[in-house]
Amino acid sequence: MLPSIDELLALDALTLREHTEQAGDAFDVDEHRVQLRKSLEVSEVCSVRREGKLVAYAMLRPHSGACWFVGAFGTHPLYRTYAVITELLAKMATLASEQGIGELRSHVYKTNRLSIAFHRKLGFQVTRENDKGFEFFIAICELTTKPAVQRATARATCRPESGAPDAPATLRKV
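Per the working numbering, the very first residue in the sequence shown carries number 557; after that it's consecutive.
These aren't lab readings, by the way, just hints derived from the structure by calculation. Do not take every clue at face value.
[As the list claims (entries may be wrong)] Below are the PhoX-like pairs computed for lysine-lysine, each with C-alpha atoms no more than 25 Å apart in a straight line:
| no. | residue 1 | residue 2 |
| --- | --- | --- |
| 1 | LYS688 | LYS677 |
| 2 | LYS594 | LYS677 |
| 3 | LYS609 | LYS594 |
| 4 | LYS666 | LYS688 |
| 5 | LYS677 | LYS702 |
| 6 | LYS609 | LYS666 |
| 7 | LYS666 | LYS677 |
Let's have the full structure, built from the sequences with the hints guiding it.
Have a look at this one:
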């Protein structure tokens, strides 16, 4: 089940508001709702639920060629666990494999320390920077060498072929 705009908005308001405002930008709920609606028109969403509740998601869209932009990546603070992150990475691996994604880019506020640390742990490199944020980049072939991604893709390949729409596949080296 794809997340609704209201579910995405609630998770984003919880996880983005503080560091967005610390960076000097406003987090306007109505404006963010409009942006989510526009993003959903051109993006693919990977999500994780617990007891029916959205606890994590990633939104990716084509950027140029085999490069995709990670427009959103959010995890509820109470669900920042190995199991949730591994499941989300496995679903992203499925998407990367199905869509032939060869590279990822993302933008992160400098005030979002958790996201910066996560990007660095996964091997993303800073390609641009301004006073508010960083642009990160990684090739999928580099990403697949990282232990967290290897665990997620190993988990994906251990799942039985059930034909379930959310069963992830392995991340393909490009």
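Quick check: which numbered hints come out false for this structure? 2, 6
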